[in-house]
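Novice: Sequence positions in the sequence shown follow this note's numbering and run 338 to 601.
Think of the hints as simulated: they come from the structure by calculation, not from any bench. All values reported here derive from a predicted model rather than from experimental measurement. Where is the CB? At the ideal position from N, CA and C, for every residue including glycine. Treat each hint with caution, since some may be false.
Derived pair list, reagent style EDC-like, types lysine to aspartate or glutamate, alpha-carbon separation capped at 16 Å [to be verified]: (1) Lys346 with Asp367; (2) Lys346 with Glu442; (3) Lys555 with Glu537; (4) Lys526 with Glu515; (5) Lys555 with Asp374; (6) Lys555 with Asp530; (7) Lys555 with Glu576.
Beta-carbon label-pair distances, calculated as ranges [stated by the list, open to error]: (8) Asp530 with Thr412: 33 to 43 Å; (9) Arg507 with Ile580: 22 to 32 Å; (10) Gly365 with Thr340: 19 to 29 Å; (11) Arg464 with Glu571: 20 to 30 Å; (12) Thr437 with Thr581: 39 to 49 Å; (13) Pro372 with Arg403: 12 to 22 Å; (14) Leu460 with Ala369: 31 to 41 Å; (15) Thr437 with Gln574: 35 to 45 Å; (16) Asp530 with Gln574: 27 to 37 Å; (17) Gly579 with Ala466: 43 to 53 Å; (18) Asp367 with Asp429: 21 to 31 Å; (19) Leu460 with Ile432: 14 to 24 Å.
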Amino acid sequence: MTTDMLSVKGGTKIFYRGTLDERRALDGLDVALKPGDFCIVIGSNGAGKSSFLNAVSGKLPLDSGRISIDGQDVTRLNAHRRAQFIARVFQDPMIGTAPTMTIGENMLLAELRGKPRGFSYGLTAARRAKYSEQLAELNLGLEKRLDMQVGLLSGGQRQSLSLVMAVSTRPKLLLLDEHTAALDPRTAKLVMDTTVRAVEALQLTTLMVTHNMEHAIKYGNRIIMMDAGKVLVEIGQEEKNGITVADLVERFHTKSDAIALQGG
Numbered sequence: 338m339t340t341d342m343l344s345v346k347g348g349t350k351i352f353y354r355g356t357l358d359e360r361r362a363l364d365g366l367d368v369a370l371k372p373g374d375f376c377i378v379i380g381s382n383g384a385g386k387s388s389f390l391n392a393v394s395g396k397l398p399l400d401s402g403r404i405s406i407d408g409q410d411v412t413r414l415n416a417h418r419r420a421q422f423i424a425r426v427f428q429d430p431m432i433g434t435a436p437t438m439t440i441g442e443n444m445l446l447a448e449l450r451g452k453p454r455g456f457s458y459g460l461t462a463a464r465r466a467k468y469s470e471q472l473a474e475l476n477l478g479l480e481k482r483l484d485m486q487v488g489l490l491s492g493g494q495r496q497s498l499s500l501v502m503a504v505s506t507r508p509k510l511l512l513l514d515e516h517t518a519a520l521d522p523r524t525a526k527l528v529m530d531t532t533v534r535a536v537e538a539l540q541l542t543t544l545m546v547t548h549n550m551e552h553a554i555k556y557g558n559r560i561i562m563m564d565a566g567k568v569l570v571e572i573g574q575e576e577k578n579g580i581t582v583a584d585l586v587e588r589f590h591t592k593s594d595a596i597a598l599q600g601g
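With the sequences and hints as input, model every part of the structure.
Specialist: Put into C-alpha cells, the structure is as follows:
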C-alpha cells in the first residue's frame, strides 16, 4: 500500500478563541495526497486555503489534528525544520528571494534550505554550472546573470526564479500559493508552463492554491474545493476531464446549500 505523501487528519485552527471574533480557519480538515498528485485548491476568500498551506508548511501551528509528510509525523515541527521536506512559492514575487543577494547566492540559499546554514560550501564552479543549467529552462537569460542582484529583476523574473529555487532540491511537497496571480498574462503562462514541466519531470507532489477557475480545470489531476475551513467538494482526474467553470460553480453552490439545510 502506497504511503500518502501528505496526510492531514482533523486539522483544526481557531483564531480569537473565546471572543466575539472567534473564527474557525480550519475545521477538522482531512486531506490526503498520493505521491505525484498535483492538487488544485480553490474556494472563496476566507475558505481556509491559505490557512491550509500555512498549516502544512508549519507557519501556522494546529490547535488539534495531525500532519504527516511521506509517513513522518511533522505536526510538532516548526517551519524551519519542515523546510527539508517542503518548498513554497508565494503570490508576491518579493517574497521568497533575497533582493540584495545575487541570483547565484539565492540559488545556493535554496540548495541549503532546511540544512545547517552557512556559505562554507561556497558558490563553486560546479554549483554555478548546475544553477545555470536549471535557470536556462526559463528562457529568460537568467543563467547568464548569476552575479546580478535579484532586486534588479522584474516581478515576473523574480517569480520565475522563486519557482526554480523551490523545485531545485526536489522537495517531497511543493506548495504554490497563487503564484501567478500578480503576474501579467504572458508571464503567468510562462511560469505555469515551467511549473507543469517541473512537476511532471520531477514527479513532485504539489498543492496549488488559485482563484483562477480555468487554471483549476486545466492543470493538475485533482481539485479540492474548500469552504469554512474544510473540504466541500473533491474532484478526481476522471471526473475532472470535461468539467467546466459553470460545473464547478454549480457544484459549490449545490453542496454548500445542502450543508446549510442540514445545519452544518
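Novice: Take the hints in turn and mark each one as holding or not.
Specialist: The hints, checked one at a time:
1. Of the supplied pair hints, the one linking Lys346 and Asp367 holds, its CA atoms being roughly 5 Å apart against a limit of 16 Å.
2. Pair hint Lys346 plus Glu442 does not hold up; C-alpha atoms about 38 Å apart against a cutoff of 16 Å.
3. Distance check on the hinted pair: Lys555 and Glu537 sit about 14 Å apart at the alpha-carbon level, within 16 Å; holds.
4. For a cut-off of 16 Å, the pair hint linking Lys526 to Glu515 stands: about 13 Å separates their Cα positions.
5. Proximity of Lys555 to Asp374 is assessed by CA-CA distance (about 14 Å); at most 16 Å being required, the pair is judged to hold.
6. Distance check on the hinted pair: Lys555 and Asp530 sit about 11 Å apart at the alpha-carbon level, within 16 Å; holds.
7. Between the alpha carbons of Lys555 and Glu576 the distance comes to roughly 13 Å, so the proposed pair stays at or under 16 Å and holds.
8. As the Cβ distance of Asp530 to Thr412 is approximately 35 Å, the hint placing it in 33 to 43 Å holds.
9. Between Arg507 and Ile580 the beta carbons are some 31 Å apart, a value that agrees with the proposed interval 22 to 32 Å.
10. For Gly365 and Thr340, the hinted distance range of 19 to 29 Å is satisfied, since their beta carbons lie about 22 Å from each other.
11. As the Cβ distance of Arg464 to Glu571 is approximately 41 Å, the hint placing it in 20 to 30 Å is violated.
12. Between Thr437 and Thr581 the beta carbons are some 46 Å apart, a value that agrees with the proposed interval 39 to 49 Å.
13. Pro372 and Arg403 have their C-beta atoms about 19 Å apart, which keeps the hinted 12 to 22 Å range intact.
14. With their beta carbons about 39 Å apart, Leu460 and Ala369 fall inside the hinted range of 31 to 41 Å.
15. Range check, Thr437 to Gln574: about 43 Å between beta-carbon atoms, so the 35 to 45 Å window is met.
16. With their beta carbons about 20 Å apart, Asp530 and Gln574 fall outside the hinted range of 27 to 37 Å.
17. Range check, Gly579 to Ala466: Cβ separation about 45 Å, and the 43 to 53 Å hint holds.
18. Distance hint check: the CB atoms of Asp367 and Asp429 are about 29 Å apart, consistent with the given range 21 to 31 Å.
19. For Leu460 and Ile432, the hinted distance range of 14 to 24 Å is satisfied, since their beta carbons lie about 23 Å from each other.
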